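> Listed below, chain by chain, are the residues.
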Amino acid sequence: MKAATRLYDDFVLTFGNVLFAVCLFVVWGVLTLIGVVVDQGQSPDQYVQTYAAPIARAILRLQFDNVYHSPWYVGIVGLILLSLAVCTFKRVIPARLPPLRPVKIDKMPLHDEFEIEGSESTVQTRLTSFFTTGGWRLRKRTIDGAEWSFADKHDWARRGVLVAHAGFVIIAAGTTLYWALGFSGEFGVGDGQAVRVARTGAVMRLNNFTYRIAPTQTKSGIVYQPIDYVSRVTVSGRDGVARNMTVRVNHPIDVDGTLYYQSSYGFGLRFLLEHNRHPDATVGGRTLLEGDSFDVPGTNRTVLYERFIPTVDRSNGMPTADPRVNDPAVALAVTQGGVPVGETMLPLRGSMDLGDGWRATPERYVLYSGFQYRHDPGVPLVGIGAFVLLAGLVISFYFLPARLYVQVDDLGNDRCRIGVAATTVKGYDVFASEFARLMVGLKVSTA
Amino acid sequence: MTIALDGLLLAIALAAYVLGALALMLFFFARQPIYRTLGAPLAIAGCVAQFVQLAVRFETTHVWPLLNLYGSLSLFSAMSVAIFIVFAYRYNLWFAGGFVLALAAIFLAYGVTWNEGTMPPVPSLQSYWAKIHVPIVVSSYAAFLVAFVFSCIYLLKFYAQRAGGAASGWLESLPALPQLDVIIYRAVAIGLPLISVGIITGAMWAHEAWGAYWQWDPKETAALFSWIVYLGYMHLHTRHAWRGLRTSWVSVIGFLSIIFCYLGVNIWISGLHSYKV
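Protein chains in written order, with numbering that gives the first Met the number 0: chain L, 0 to 446; chain B, 0 to 276.
Just so you know, not all the hints are guaranteed correct.
Here are the simulated lysine-lysine pairs, DSS-like style, with alpha carbons at most 27 Å apart [what the hints assert, rightly or not]: (1) LYS218(B) with LYS425(L); (2) LYS89(L) with LYS139(L); (3) LYS218(L) with LYS130(B); (4) LYS130(B) with LYS218(B); (5) LYS442(L) with LYS425(L); (6) LYS1(L) with LYS218(L).
To spell it out: a stretch of chain L is covered by chain B in this simulated footprint if at least three of its residues, at any positions, have a beta carbon under 8 Å from a beta carbon of chain B; those stretches are [to be verified]: (7) 11–22; (8) 276–287; (9) 292–305.
Some, not all, of what chain B presents toward chain L, calculated at C-beta under 8 Å [stated by the list, open to error]: (10) VAL51; (11) ALA54; (12) VAL55; (13) PHE57; (14) GLU58; (15) HIS61; (16) TYR90; (17) GLY110; (18) VAL111; (19) TRP113; (20) GLU115; (21) SER123; (22) PRO192; (23) VAL196; (24) GLN214; (25) HIS234.
None of these hints come from the bench; they were simulated from the model. All values reported here derive from a predicted model rather than from experimental measurement. Think of the CB as a built atom: it goes at the ideal place given N, C-alpha and C, for glycine as much as any other residue.
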């Protein structure tokens with residue numbers, strides 16, 4: 000029992016320590032930085048090619064190739080949440096201004112004393128007026144025969160840290176909700192084609208996709224700046240009713256709580272495959288997207304449709320940067336038994352001899368539109384959490400809980416001495432300039 | 000005509016910053032009020048010229064001027080000077096103006112090298128969020144620049160005092176270390192909420208444009224890293240023993256992380272924010 004209590008005390012002592020939280024921030028920051036510097040989600044070969052062998056091995060073994068979803072990252076965020084909870088209950092909630100008790104004014108780091116004319120009661124009245132009009136909450140106490148005034152301001156603001164911590168927890172809850180219940184994916188659909196999204200059951204038909212490019216003269220030459228990507232679609236949701244909608248970047252559509260976004264576009268390709276000049280049905284009617292491949296029947300050859308080249312420079316036959324379709328070509332790669340045997344750039348409707356009587360011809364292209372979809376029930380919670388976190392930061396930084404200790408000594412002959420000392424929950428230095436201004440105001444208004 | 004005005008305002012801003020930096024640098028070392036009298040109006044003139052230049056660019060091109068590195072660096076230097084001017088007037092800190100103006104001039108001059116002329120924005124930048132997210136984030140960077148300058152002055156004074164050679168007049172005329180620490184705290188207290196709002200508005204924009212409020216894009220994660228550093232600063236600042244020297248170093252590291260996030264990620268690391276260059 001004693002050991003358990005000691006363990007609990009040690010746990011609270013460690014996790015409630017601000018320096019421990021800062022150490023966790025350091026680890027969190029380092030892991031985050033690793034994810035910035037090391038390209039995420041690449042194939043193992045990519046790391047081996049990019050880095051020296053020991054570093055590549057370390058990246059892969061420590062899961063730094065997908066660091067944000069690694070146990071280290073999730074673990075450190077979990078520890079921070081734990082530390083935050085312990086800090087909140089052990090430090091933030093109990094934190095308050097000191098009790099109302101007399102202090103030795105001249106021993107306080109922030110203090111000032113001055114003499115003014117007037118009886119004690121007159122001075123007290125002026126003091127009360129000054130502090131209450133300045134938004135201070137004034138309380139008077141007679142302690143050991145002496146009358147003390149205690150003026151508090153922004154006492155409520157000591158909850159700012161609590162609010163900020165609560166915001167962080169709400170954000171974490173929102174992201175967890177996505178992990179538990181959310182889903183996302185992407186798909187491409189060609190002009191005139193329809194796709195059923197298995198996860199949602201929605202059917203999306205692409206009626207038409209257009210893109211607009213503006214050739215712009217810059218100091219370094221012509222830049223082909225994309226201006227607009229627009230997909231006009233017909234969508235059927237759970238109710239089965241078909242609706243015509245338009246999807247463009249920054250303007251997603253909502254179908255049964257799942258958002259669909261315009262994410263990319265590309266050129267699908269229809270191939271004509273012939274064997275001894277007779278059409279073969281292997282790829283007939285199929286539209287290949289960039290990155291798709293097809294096998295040549297009866298051989299171990301595969302043709303990969305690498306990418307579409309919208310415009311080729313007629314003078315040298317090389318691809319240009321112009322993304323508008325003028326003189327199109329197709330980049331193809333052929334492998335035999337998985338071993339690359341050649342790459343070529345073929346004009347549209349040009350044909351390629353694949354050996355053994357086989358010939359492939361990229362016949363025509365079809366524009367396709369790339370969509371992302373995402374169902375995230377945690378978004379409202381994350382939004383609320385962000386707002387709460389921000390409110391907590393603003394309260395913490397801009398509303399400083401402070402207390403003034405005020406004592407009036409009657410010096411006789413219609414003169415009094417006013418002594419004022421101040422303390423805050425964030426030390427003295429941060430309040431020094433405001434205290435100086437306050438004293439100037441007090442001297443003027445009580446004179 | 001308007002292009003000429005654009006260039007003229009840029010030249011005025013750069014010249015004002017360079018001359019103002021020289022004057023306020025002299026004020027830092029010599030503390031002759033004449034240098035402040037010269038430097039302060041130059042700082043204000045340069046800052047005003049920059050804001051007018053940005054407005055002129057927007058008015059003539061009808062393209063939000065902060066959508067490329069040139070535009071955002073222009074705002075960054077203008078906001079750095081603007082925030083510093085507010086601090087300088089409120090807390091009498093003109094002595095640090097030479098460093099702020101010198102950095103503003105360097106960043107502005109560097110930004111000019113990225114000026115490719117006016118380009119229509121790519122689809123993902125055609126959003127009202129561009130008018131909210133970018134100025135907020137850039138303003139947070141500017142606040143951190145001001146914090147960085149005062150952190151350097153803090154460290155300079157601290158190590159000079161510790162070395163025992165603190166008797167030189169210009170060093171003694173600087174505010175006391177605790178006061179410098181409070182100034183750094185106040186600048187970070189502007190920057191941290193701003194970068195938080197910047198990250199949040201960025202997430203809201205990403206939710207509209209890319210389909211997820213957080214994609215672990217290098218720019219997002221670099222901003223998160225900077226946020227963590229300044230969060231660490233604020234937590235350390237709650238401890239009296241860690242206030243001052245250590246938090247000043249954290250502020251310096253924080254600003255280096257901001258520069259990495261702002262320029263390093265945009266220029267060297269490809270990601271969803273690469274178009275910003």
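> Against this structure, judge whether each hint is valid.
Taking the hints in turn, this is what the structure says about them:
About 33 Å separates the Cα atoms of LYS218(B) and LYS425(L), which puts this hinted pair outside 27 Å; it is violated. A hinted pair counts as satisfied when its Cα atoms are at most 27 Å apart, and LYS89(L) with LYS139(L) does not qualify at roughly 31 Å. For the hint linking LYS218(L) to LYS130(B), the alpha-carbon distance of about 26 Å falls within 27 Å, and the restraint holds. Pair hint LYS130(B) plus LYS218(B) holds up; C-alpha atoms about 18 Å apart against a cutoff of 27 Å.
A hinted pair counts as satisfied when its Cα atoms are at most 27 Å apart, and LYS442(L) with LYS425(L) qualifies at roughly 26 Å. In summary, the hint linking LYS1(L) to LYS218(L) is not supported, as the alpha carbons are separated by about 76 Å, beyond the 27 Å threshold. Here the stretch 11–22 of chain L counts 4 residues with a CB under 8 Å from a CB of chain B, which clears the bar of 3, and the coverage holds. Requiring three or more residues with a Cβ within less than 8 Å of a Cβ of chain B, the coverage given for the stretch 276–287 of chain L is violated, as only 0 such residues are present.
Evaluation of the coverage hint for the stretch 292–305 of chain L: breached, as 0 residues show C-beta separations to chain B shorter than 8 Å, against a requirement of three. Among the interface hints, the one on VAL51(B) is violated; its C-beta lies about 23 Å from the nearest C-beta in chain L, farther than the 8 Å criterion. For ALA54(B), the interface hint is violated, since its Cβ never comes within 8 Å of a Cβ in chain L; the closest pair sits about 22 Å apart. Interface hint status for VAL55(B): violated, as the beta-carbon distance to the closest one in chain L is roughly 19 Å, over 8 Å.
Interface restraint check for PHE57(B): the shortest CB-CB distance to chain L comes to about 18 Å, outside 8 Å, so the restraint is violated. A distance limit of 8 Å between C-beta atoms decides the matter here; for GLU58(B) the minimum to chain L is near 19 Å, and the interface restraint is violated. Annotation: HIS61(B) was flagged as interfacial toward chain L, and the flag is violated, the nearest CB pair being 14 Å apart, outside 8 Å. With a least beta-carbon distance of about 7 Å to chain L, the hint placing TYR90(B) at the interface is held under the 8 Å criterion.
At its closest, the beta carbon of GLY110(B) sits 14 Å from a beta carbon of chain L; the interface hint therefore is violated under the 8 Å criterion. Taken as an interface hint, VAL111(B) does not check out: its beta carbon lies about 11 Å from the nearest beta carbon of chain L, beyond 8 Å. Because the smallest distance between the Cβ of TRP113(B) and any Cβ of chain L comes to about 10 Å, over 8 Å, the interface hint for this residue is violated. For GLU115(B), the interface hint holds, the least distance from its beta-carbon to any beta-carbon of chain L being 4 Å, beneath 8 Å.
Look at SER123(B): its Cβ gets to within about 5 Å of chain L, closer than 8 Å, so that hint holds up. Taking 8 Å as the C-beta contact cut-off toward chain L, the hint placing PRO192(B) at the interface holds, the least distance being around 5 Å. Residue-level restraint check for VAL196(B) holds (minimum Cβ-Cβ distance to chain L is 6 Å; threshold 8 Å). Violation of the interface hint for GLN214(B) is found here, the shortest Cβ-Cβ separation to chain L being roughly 10 Å, above the 8 Å cut-off.
The closest approach between the C-beta of HIS234(B) and any C-beta of chain L is roughly 5 Å, which is under the 8 Å cut-off, so the hint is satisfied.
Going down the numbered hints, you'll see the structure goes against 1, 2, 6, 8, 9, 10, 11, 12, 13, 14, 15, 17, 18, 19 and 24, while the others check out.
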